[in-house]
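Chains as they are written, first to last, in the numbering used here: chain A, 1 to 184; chain B, 185 to 959.
Calculated from the structure, these hints are not laboratory results. Even for Gly, the Cβ is constructed at its ideal location relative to N, Cα and C. Accuracy of the hints is not assured; some may be wrong.
Unchecked claim - Here are the in silico distance ranges between beta carbons for each label pair:
1) B:E682 x A:S78: 38 to 44 Å
2) A:N62 x B:H434: 48 to 54 Å
3) B:N560 x A:E21: 42 to 48 Å
4) B:D784 x A:E31: 28 to 34 Å
5) B:V895 x A:T65: 55 to 61 Å
6) A:E21 x B:I451: 36 to 42 Å
7) A:I27 x B:H434: 41 to 47 Å
8) A:R99 x B:V689: 50 to 56 Å
9) A:T76 x B:G631: 37 to 43 Å
What the hints assert, rightly or not - Calculated lysine to any residue pairs in the SDA-like style (CA-CA distance at most 25 Å, straight line):
10) A:K22 x B:N743
11) B:K414 x B:F271
12) B:K575 x B:S615
13) B:K474 x B:L447
14) A:K156 x B:A520
15) B:K684 x A:E88
16) B:K684 x A:T48
17) A:K22 x B:Q629
18) A:K156 x B:L438
Take a look at the letters that make up each chain.
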Amino acid sequence: MRTLFAFLLLAGTVSFFTSCEKDDPEIPHEEELITTLNYTLTDPNGETVTLTFQDIDGDGGNSPTITNGTLSSNTTYSGSIELLNESEDPIEDLTSEIREEANDHQFFFTSSAGNITVAYDDTDDNGNPVGLETTLTTSDAGSGSLTVILRHEPEKSNYDVNTNDYSNVGGETDIEVVFPINVQ
Amino acid sequence: MSNKLVYLILLLFLANRGYSQNCTITLTGKVVDEHTQEPLDYVNIYIPESEKGTVSDANGSFELNNICPDELHIRFSHIGCEMITQFYHLTSDTFLLIEMEHSDHLIEEITVKDETNKKANQHSRKITVQEIKENGQNNLAKLLSNVAGVSTLKNGSTIGKPIVHGMYGNRLTLLNNGVTQSGQQWGNDHSPEIDPLVANEIEVIKGTAAIEYQGSNLGNIVLVKPAKIKKDPHLHGSTGYYFNSNGKGHGLNLQLQKTHHSLAWKINTSVKRSGDTHAAEYLLKNTGTKEYNVALQLEKQFSQKLFSELFFSSFNNELGVLRGSHIGNLTDLEEALQREIPFYTTDTFSYQINAPFQQVHHHLLKLKSSYFFTDNQWTDITLAGQVNNRKEFDVRRSGRTDIPAISLFQYSGFGEIKYISEKRKNTSFKSGLQFNYINNSNDPQTGILPLIPDYISLTSGGFLSYAYTPNRWAITSGVRYDNVLQNAVTITNTTPREIKRYNRVYHNMAANLGVSYRFGLPLKISQNIGYVTRNPEVNEFYASGLHQGVSGIEEGDVNLNSEKSLKLTTTLNTQLLKSVDFEVLGYYQNIQDYIFLQPDDEIRLTIRGAFPVFTYTQTDANLLGMDITARWDINKSFEISNTTSLLKGRDSHSNLPIINLPSNRINSTISYEYPDDVMVSNQVKFSNIKTSFNHQYISKQNEAVALLDYVDPPDAYHLYSLKLSSTLHWGATSTKVFVDIDNLLNTSYRDYLNRLRYFADDLGRNVSVGVIVDF
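For reference, chain A alone in the conformation it holds in the complex (with noise of 0.2 Å):
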């Protein structure tokens, strides 16, 4: 009898000193989340079109909100990528995130349009592209789709990175927004 009461005793000052309710959590710092994807292209005349996909609250919660574009036929522009972490105060530019590990990263440009071709503007460290900066070429009027696919950590040794083709390029995909695309 007497161990259980000090047993009791124990168990009841245990209880004691520790609360049962938990303190609040400190929010995790989401620096590295992406939220935000601007492409935007300017054609000769400097006139820009930018395509937006924009996710603040990231993974869940609120869809994401799609900026579709418009673009002129047989025109080229040059393309350029922005990446930001929105859900931040102030907001973060992830850019240069990518561009100081370029020889990790690669853009994948793909349309399901006939009438759009994406060509690479620049290279990592080994010569390789990595679409931070590029050519967007239109043809004829047409209604598609543009994909843009961002690759962390592909093998670059094992594919044709000239191509858009990332069928064999292995990594974890860190972006793939599909932009619906009209040109005219």
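Fit chain B to the known structure of chain A by using the hints.
Chain B in isolation, oriented as in the chain A frame:
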């Protein structure tokens, strides 16, 4: 591999026939088989101190004369049995009753009543010290997987958790040294933080309801415990070295123990290191492991009435995860599924562990005291604390690979008081109160929203159990109640992030009734029925986020109810013609509000592409299974054994199969033991020369749900293994050596319960070599 083992002696009768001076002591005794109680002949009895020996006769009896009064060791060895060495302080003529267990006692025993009535009537299978040592290169789950009804849920070759009767993770309690293992058991890719080499003895209880133990489970339990320290005043121990050809793994184990009057100590430590393992046809990149563990054990007999033990163990490991299994989205997964050989496969072997990998530390400190009011009435008081720290590293951008993607810190405190009474003959009464506090936190340094929230859980409960074992009957019963307070703090995935609190209270119940009857020696029938409830765990309530490995978004449901399980087992144990043991265990389990991950209709669009969403949902499930174990001793040397496990589970509403259930499997072994010792010289001999050949057949899981999976379950496969072992005696030291070849034919296969089957083949051939020196 599952076989071979010793068990011990226990009874020891000392008869005083007057004090004898000088060397006039007569030592007499009898050796019997522990199970059948039949006398064992040709047992070698040897006293190394005096170099005296003899052999037992047809009645199992032996006699040694003219022994000096002294402290000495006596060694008992017999074909098919593990050698036993015992310490005695002889002062007068003595009679010894020795029980030896056949080393290959595969047959599973229903423990009707062990010394503390722990699992009376519940079906259990023990894996003993020798068996663990001889498989020292394997992890806990692999070691258990040879037991009928037990299989492994794997994440590559290094990460595995046991499945007992289809239950794992939140539905299977692991007891480490009497204390519920407190870690991150919810994760399918989280191995139990236990080193079998440090543990000494493992027992699987295929039960209907765990009455005596706290922890979330639906009847089944895995008990891991250190062996008692031998009452021997000399320093004894063993050291083992293991080598695995697959992964070029090395392992070292050292155990030391000594008893100093009333104080006994033991230290057990192991170090393991392995590099990239090999599938049949290619290297599995980044599958190395590192592990170092230590356990300290102190036992003190303060008085006739008070006995205390202190236990500390520390488990530390680092496990590489196949590089080619790290993917981003469904496109990546589909790409991986198309490939014969995973991405990043190269021919350069390495010990290096890079991201993705897991790093786990687990420490346990336990103090237990037993106070004996009388010989058969005592109380046990246990206090324990555990610390668990799990970090998982992923391939990340901008140097963040060094920052864990998951970092969980958990500490827990456990207190227990038990009262046991065996006052009346054939009865045993047990009661107890238990209290457990768990505090789990995420490290915000990860920079990622946590997969499971911070929480505190407080469980207080108690139990009563009663066993009555008159003559051929054994009747056991018990009830248990637990009050669970769960306080979780979640972070929402809205912008801005918000903190949301949940407070819940649960009442968990368990009740069990078992009856067994022995129809004379050759037949025994046992019947068990148990009811148990389990409250949903935090991951089932609040999980939120992308589970990258399976390319799906997992969502908890805050409205889940407790699971309620009713399980029925029937066991038939029989012996035919004295040489055939046969046991069949049938079970049926009905689980109401069975919690599982169900795919939603929703495909969620994220910046990484589109992902399927899985939500924790409830249904009612029915499981029906059977474990069959058979053994035939053809003669003294040859033996054939077989274990077969069958299981089927259905969702009773949709009539769809239950996911992640083991498929049917058959495991057969034929073994041969050379009946004599092989003398090399006067001083050197080989004994217990044994070879065994094993065939394992794992059927295809035809009961899989296409909806819940990306590919068809892998085909059935056959695996063969070969083992050779012997004990080398060199003067007074004995060395056990073994060679074990797994996947003898280097078969390429994939297993349904291995998550990495999407990406790569399972392990190819492995040759392990082990040397164990007992001293």
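Hints, verified against the model:
At roughly 42 Å, the beta-carbon separation of E682 (chain B) and S78 (chain A) lies within the given 38 to 44 Å, and the hint holds. Remark: the range hint 48 to 54 Å for N62 (chain A) to H434 (chain B) is upheld by a beta-carbon distance near 53 Å. One distance hint, 42 to 48 Å for the beta-carbon pair N560 (chain B) and E21 (chain A), holds here, with the actual separation near 45 Å. As the Cβ distance of D784 (chain B) to E31 (chain A) is approximately 30 Å, the hint placing it in 28 to 34 Å holds.
A hinted range of 55 to 61 Å is violated for the C-beta pair V895 (chain B) and T65 (chain A), which are about 34 Å apart. The supplied range of 36 to 42 Å is met by E21 (chain A) and I451 (chain B), whose beta-carbon atoms lie about 40 Å from each other. Between I27 (chain A) and H434 (chain B) the Cβ separation comes to about 44 Å, which falls inside the hinted range of 41 to 47 Å. Under the hint 50 to 56 Å, the C-beta atoms of R99 (chain A) and V689 (chain B), about 53 Å apart, fit the expected range.
Taking 37 to 43 Å as the suggested C-beta distance range, the pair T76 (chain A) and G631 (chain B) conforms, at roughly 40 Å. At most 25 Å may separate the alpha-carbon atoms for a hinted pair to count; K22 (chain A) and N743 (chain B) meet this at roughly 21 Å. Taken as a hint, the K414 (chain B) and F271 (chain B) pair is honoured in the structure, with Cα atoms around 8 Å apart against an allowance of 25 Å. With a CA separation close to 38 Å, the supplied pair K575 (chain B) and S615 (chain B) exceeds the 25 Å bound.
About 34 Å separates the Cα atoms of K474 (chain B) and L447 (chain B), which puts this hinted pair outside 25 Å; it is violated. Of the pairs offered as hints, the one joining K156 (chain A) and A520 (chain B) holds, with about 17 Å between alpha carbons and a cut-off of 25 Å not exceeded. Restraint check for K684 (chain B) and E88 (chain A): satisfied, since their Cα atoms lie roughly 20 Å apart, inside the 25 Å limit. Simply put, K684 (chain B) and T48 (chain A) have alpha-carbon atoms about 43 Å apart, too far for the 25 Å limit, and the pair is violated.
A hinted pair counts as satisfied when its Cα atoms are at most 25 Å apart, and K22 (chain A) with Q629 (chain B) qualifies at roughly 19 Å. For the hint linking K156 (chain A) to L438 (chain B), the alpha-carbon distance of about 47 Å lies beyond 25 Å, and the restraint is violated.
When the structure is compared with the earlier hints, violations turn up for hints 5, 12, 13, 16 and 18 and for no others.
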